[in-house]
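Q: For the protein sequence lines, the chains are X and Y, in the order given.
Quick note on numbering: the numbering used here labels position 99 of the first sequence as 99, and the sequence is numbered without any gaps.
Quick note on numbering: the numbering used here labels position 108 of the second sequence as 108, and the sequence is numbered without any gaps.
Since the hints were derived computationally from the structure, they do not count as laboratory data.
These figures come from a predicted structure and were not determined experimentally.
Take these hints with a grain of salt, some might be off.
No copy is singled out in the list; a pair is fine if it fits within one copy or between any two copies.
Simulated crosslink set (SDA-like; lysine to any residue; CA at most 25 angstroms straight-line) [to be verified]:
| # | residue 1 | residue 2 |
| --- | --- | --- |
| 1 | K37 | G434 |
| 2 | K37 | K433 |
| 3 | K166 | R245 |
| 4 | K166 | D128 |
Number of protein chains: 2
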Amino acid sequence: MTDIQGSLSRGGIVHSLHRIFHPRSVAVIGASSVLGKWGQMILTNVVAGRFPGRVYPVNPGGGTLCNLRVYKRIQEIPDPVDLAIVTTPAETVREVITGCGEKGVKGVVIVTSGFGETGEAGSALERDLTSISREKGMVIVGPNTMGILCPYSGLFATGTHTRPRKGSVAFISQSGNLGNQLIHWAEQQGIGISLFVGSGNEAMATCSDYLEYLEEDPLTGTIILYMESVKDGRRFLEVSRRLNRRKPVIVLKGGRTEAGKGASASHTGAMSGEIKSFRAACRQAGLLEVSVPSELLDLSAGFSSVPLPKGNRVGIVTLGGGWGVVTADGCNERGLQVPDIPDAVVRRIDAYLPPFWSRRNPVDLVGSQNPDIPLIAMEELLKCEEIDAVISLGIVGRHELVQLLLRSTLEVEPEIQSARLSQMGALSLEFEKGYVHRMADLMEKYQKPVIGVSLARTQDGTVRFLEGKTYAPVFYPTPEDAVSVLASMVRYQQFLAGC
Amino acid sequence: MTDIQGSLSRGGIVHSLHRIFHPRSVAVIGASSVLGKWGQMILTNVVAGRFPGRVYPVNPGGGTLCNLRVYKRIQEIPDPVDLAIVTTPAETVREVITGCGEKGVKGVVIVTSGFGETGEAGSALERDLTSISREKGMVIVGPNTMGILCPYSGLFATGTHTRPRKGSVAFISQSGNLGNQLIHWAEQQGIGISLFVGSGNEAMATCSDYLEYLEEDPLTGTIILYMESVKDGRRFLEVSRRLNRRKPVIVLKGGRTEAGKGASASHTGAMSGEIKSFRAACRQAGLLEVSVPSELLDLSAGFSSVPLPKGNRVGIVTLGGGWGVVTADGCNERGLQVPDIPDAVVRRIDAYLPPFWSRRNPVDLVGSQNPDIPLIAMEELLKCEEIDAVISLGIVGRHELVQLLLRSTLEVEPEIQSARLSQMGALSLEFEKGYVHRMADLMEKYQKPVIGVSLARTQDGTVRFLEGKTYAPVFYPTPEDAVSVLASMVRYQQFLAGC
Numbered sequence: 001m002t003d004i005q006g007s008l009s010r011g012g013i014v015h016s017l018h019r020i021f022h023p024r025s026v027a028v029i030g031a032s033s034v035l036g037k038w039g040q041m042i043l044t045n046v047v048a049g050r051f052p053g054r055v056y057p058v059n060p061g062g063g064t065l066c067n068l069r070v071y072k073r074i075q076e077i078p079d080p081v082d083l084a085i086v087t088t089p090a091e092t093v094r095e096v097i098t099g100c101g102e103k104g105v106k107g108v109v110i111v112t113s114g115f116g117e118t119g120e121a122g123s124a125l126e127r128d129l130t131s132i133s134r135e136k137g138m139v140i141v142g143p144n145t146m147g148i149l150c151p152y153s154g155l156f157a158t159g160t161h162t163r164p165r166k167g168s169v170a171f172i173s174q175s176g177n178l179g180n181q182l183i184h185w186a187e188q189q190g191i192g193i194s195l196f197v198g199s200g201n202e203a204m205a206t207c208s209d210y211l212e213y214l215e216e217d218p219l220t221g222t223i224i225l226y227m228e229s230v231k232d233g234r235r236f237l238e239v240s241r242r243l244n245r246r247k248p249v250i251v252l253k254g255g256r257t258e259a260g261k262g263a264s265a266s267h268t269g270a271m272s273g274e275i276k277s278f279r280a281a282c283r284q285a286g287l288l289e290v291s292v293p294s295e296l297l298d299l300s301a302g303f304s305s306v307p308l309p310k311g312n313r314v315g316i317v318t319l320g321g322g323w324g325v326v327t328a329d330g331c332n333e334r335g336l337q338v339p340d341i342p343d344a345v346v347r348r349i350d351a352y353l354p355p356f357w358s359r360r361n362p363v364d365l366v367g368s369q370n371p372d373i374p375l376i377a378m379e380e381l382l383k384c385e386e387i388d389a390v391i392s393l394g395i396v397g398r399h400e401l402v403q404l405l406l407r408s409t410l411e412v413e414p415e416i417q418s419a420r421l422s423q424m425g426a427l428s429l430e431f432e433k434g435y436v437h438r439m440a441d442l443m444e445k446y447q448k449p450v451i452g453v454s455l456a457r458t459q460d461g462t463v464r465f466l467e468g469k470t471y472a473p474v475f476y477p478t479p480e481d482a483v484s485v486l487a488s489m490v491r492y493q494q495f496l497a498g499c
Numbered sequence: 001m002t003d004i005q006g007s008l009s010r011g012g013i014v015h016s017l018h019r020i021f022h023p024r025s026v027a028v029i030g031a032s033s034v035l036g037k038w039g040q041m042i043l044t045n046v047v048a049g050r051f052p053g054r055v056y057p058v059n060p061g062g063g064t065l066c067n068l069r070v071y072k073r074i075q076e077i078p079d080p081v082d083l084a085i086v087t088t089p090a091e092t093v094r095e096v097i098t099g100c101g102e103k104g105v106k107g108v109v110i111v112t113s114g115f116g117e118t119g120e121a122g123s124a125l126e127r128d129l130t131s132i133s134r135e136k137g138m139v140i141v142g143p144n145t146m147g148i149l150c151p152y153s154g155l156f157a158t159g160t161h162t163r164p165r166k167g168s169v170a171f172i173s174q175s176g177n178l179g180n181q182l183i184h185w186a187e188q189q190g191i192g193i194s195l196f197v198g199s200g201n202e203a204m205a206t207c208s209d210y211l212e213y214l215e216e217d218p219l220t221g222t223i224i225l226y227m228e229s230v231k232d233g234r235r236f237l238e239v240s241r242r243l244n245r246r247k248p249v250i251v252l253k254g255g256r257t258e259a260g261k262g263a264s265a266s267h268t269g270a271m272s273g274e275i276k277s278f279r280a281a282c283r284q285a286g287l288l289e290v291s292v293p294s295e296l297l298d299l300s301a302g303f304s305s306v307p308l309p310k311g312n313r314v315g316i317v318t319l320g321g322g323w324g325v326v327t328a329d330g331c332n333e334r335g336l337q338v339p340d341i342p343d344a345v346v347r348r349i350d351a352y353l354p355p356f357w358s359r360r361n362p363v364d365l366v367g368s369q370n371p372d373i374p375l376i377a378m379e380e381l382l383k384c385e386e387i388d389a390v391i392s393l394g395i396v397g398r399h400e401l402v403q404l405l406l407r408s409t410l411e412v413e414p415e416i417q418s419a420r421l422s423q424m425g426a427l428s429l430e431f432e433k434g435y436v437h438r439m440a441d442l443m444e445k446y447q448k449p450v451i452g453v454s455l456a457r458t459q460d461g462t463v464r465f466l467e468g469k470t471y472a473p474v475f476y477p478t479p480e481d482a483v484s485v486l487a488s489m490v491r492y493q494q495f496l497a498g499c
């Protein structure tokens with residue numbers, strides 16, 4: 001959608017992004033066999049990530065790389081190229097971009113650094129690239145970006161070879177290294193991703209463009225955003241406000257303090273906006289502002305996996321007292337209520353627990369070993385009109401501890417039959433799997449969120465994605481994480497209700 | 001140290017604790033072969049944990065367990081018994097304790113629940129046990145405790161088969177399940193433990209007794225404490241204040257809110273103290289109060305591993321800009337300064353980095369691949385009179401990402417030699433090992449803390465214990481964790497300086 005003069009309008013940029021994130025063919029300019037060079041890291045990531053379209057390495061040296069013919073110039077590629085990823089040194093980029101324009105490339109991701117972030121000469125060069133691209137109707141992502149990822153199009157074009165699963169979380173990051181680290185974590189935590197863009201210096205496409213794109217992107221349901229500076233404050237506010245009414249936007253602002261601002265100015269080539277006015281704007285737009293990077297992930301895991309609570313009344317099911325206490329404290333301190341549960345519910349739970357159970361919310365299972373009880377208690381709470389959400393503490397993850405017990409028992413008890421131990425280990429694993437599945441079903445049935453906290457740190461991530469289920473159970477490592485996520489979800493729900 | 005009447009004084013209780021934590025012989029009363037029963041879990045943990053003294057299973061059924069003869073009554077054991085661990089049902093405990101008294105046992109850990117926490121009848125029974133024990137000069141830990149751990153005496157007497165390494169952190173927990181979970185985490189994070197006590201209902205030995213014991217315990221350097229109620233407020237304040245001047249005491253108070261208090265009352269059988277007065281008391285005593293369980297571990301990892309900073313001025317070394325920004329923001333928001341570094345230092349670093357490096361604090365290594373530079377920059381900052389502590393972001397953990405890159409390269413590049421890749425993998429691992437060692441040496445040389453943040457989540461824990469080194473490098477998963485720990489260490493140092 002270039003305008004009549006052949007140069008790109010704002011809407012044209014947004015429109016072109018689809019082809020960049022879902023290209024049919026990709027050229028890697030500066031492709032290399034030297035391990036650890038950007039042109040090697042990105043090419044191998046694209047190929048090993050099984051990008052389904054055509055891949056064209058470009059390097060004046062020619063030859064082959066990854067079993068693919070290397071073209072000396074992009075213009076020599078016989079077929080159309082949707083996306084070019086540029087990794088050659090800054091001084092070559094002008095010529096490369098000109099070549100891309102001649103070739104009719106739709107978009108370029110410029111990984112190369114040494115532009116606006118380095119001073120006036122770099123800025124001039126950056127403006128130059130933008131005007132060449134704009135004239136050719138070609139969109140620039142970056143420069144000075146660590147790349148992009150789109151699991152749905154099979155495109156993994158960053159230097160970090162981490163390949164998160166398909167999901168509904170889009171992540172726009174003005175910092176490449178922070179973005180890459182968080183994406184690696186997202187993968188380890190099982191958070192599904194629709195898109196990752198390192199927006200770099202934003203010479204052309206800005207955060208606001210990406211947000212506007214995401215508004216209509218059917219693959220995206222939750223947006224996380226790391227920003228240091230806003231290039232177009234008014235538009236950002238307008239777009240993010242509109243978007244946030246449809247899909248939650250969670251934002252971390254870097255450069256909130258003098259120390260942070262100094263650091264930020266030296267690496268993105270733009271002064272940070274004033275944090276006070278930024279905060280006011282966020283509040284007005286209902287954006288969820290967080291203060292640390294890990295919250296971006298924690299919140300995106302919850303928002304993208306479980307239903308939104310309709311109110312702030314929390315039921316807690318705990319394997320033991322102390323956990324219930326710290327969770328209830330956390331809830332109260334974050335504006336969540338832990339209401340009493342009706343007598344009828346207490347009496348129904350009485351049937352399953354010894355007489356000295358808490359008989360109130362939090363429901364303390366007092367170490368009960370009957371595997372059905374945690375789910376019975378969870379369902380009783382979900383059924384309650386007085387309860388909007390449940391936090392379930394410490395059922396999942398117990399398998400880790402069971403394994404430790406079985407291992408020592410086998411080691412020291414000569415009379416034990418190892419077959420019996422394996423069977424018990426298998427049973428405990430089976431129980432956890434069943435529990436996780438049932439949790440997904442209960443969320444579906446009652447349309448209320450259940451937030452889990454794992455007893456032991458496990459290899460499984462936060463999100464337990466289950467094929468074919470509407471919701472994915474989540475298990476945070478600590479009760480404080482669970483409380484914080486639930487509190488943010490309640491805040492967002494209140495914002496929506498007030499709209 | 002029983003007093004003249006043969007019953008235990010306060011000081012006598014404290015004195016007796018040493019024999020409980022460092023027993024020469026242990027009886028497990030209620031020992032069982034039934035997997036998952038307390039008497040099975042604790043016996044196998046003690047034996048598989050390689051307790052070096054004698055172990056006596058006790059059960060009226062007799063026979064053998066773990067290759068050990070089972071005694072029908074504790075009185076039948078021919079040799080002296082220092083410690084008895086009681087797991088039999090509540091209604092049997094009076095008789096068991098009487099037997100222990102007859103046998104001349106020094107201390108009993110009563111795991112059994114069903115006492116003060118369940119109501120008046122339970123409280124009466126609990127008082128009964130206490131008076132029997134007191135008369136016999138025998139100390140009770142618990143009842144309703146999940147047990148104790150002392151890696152130095154080789155005693156792992158909890159139901160959770162987690163065996164943290166020897167170290168200087170003592171952990172007293174009024175909640176068993178929270179305590180067990182945190183100890184499991186401590187092990188995974190490499191935090192070294194001198195002692196863990198689940199204090200349970202504190203029928204006899206209270207938190208204050210344990211703290212007083214730790215004051216003189218040469219193995220303990222840092223104390224973490226989870227409390228819901230204080231049985232003897234004045235003494236607690238007096239002991240903790242004295243202790244905290246020698247060894248930092250980090251405390252999490254459960255039951256701070258109405259919701260938490262309700263939950264707490266139902267499970268420890270005691271009403272929580274008023275949080276306001278508790279807070280004031282903590283402040284006065286200089287205790288470090290945290291608000292979430294994970295902070296107990298994070299802080300103990302830092303305090304027990306790196307030197308205390310002498311001031312609040314932080315130097316930051318980062319692998320990329322965004323991380324530097326969020327870390328600097330975090331520092332400023334937590335009262336830490338990120339001062340400018342002298343020109344001379346900037347010029348010395350100039351020699352190693354491209355001209356567009358930040359040339360200020362945070363020192364942004366702008367993705368430099370030269371492996372020596374992170375250490376050069378770290379040492380330059382440590383040398384600076386203007387810097388009291390360094391946060392080092394994202395050098396360690398890079399190996400995880402290198403491995404991913406090597407794996408994809410091997411997969412898609414037929415011309416690559418796999419031997420070369422293994423060599424590169426080995427080099428990157430070697431580099432990280434060297435880096436960690438050097439970090440320990442630099443902390444020793446400059447007597448300033450370096451707090452690391454890992455680039456990727458790894459199997460290695462937070463604390464990298466190195467045999468023979470005074471300090472252990474620490475690597476937190478997030479910059480916010482590093483900042484929070486450093487801020488607490490600065491606060492403690494300021495408290496000491498003001499004493």
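Q: Okay, which hints does this one fail, numbers in order?
A: As far as the earlier hints go, only 4 is violated by this structure.
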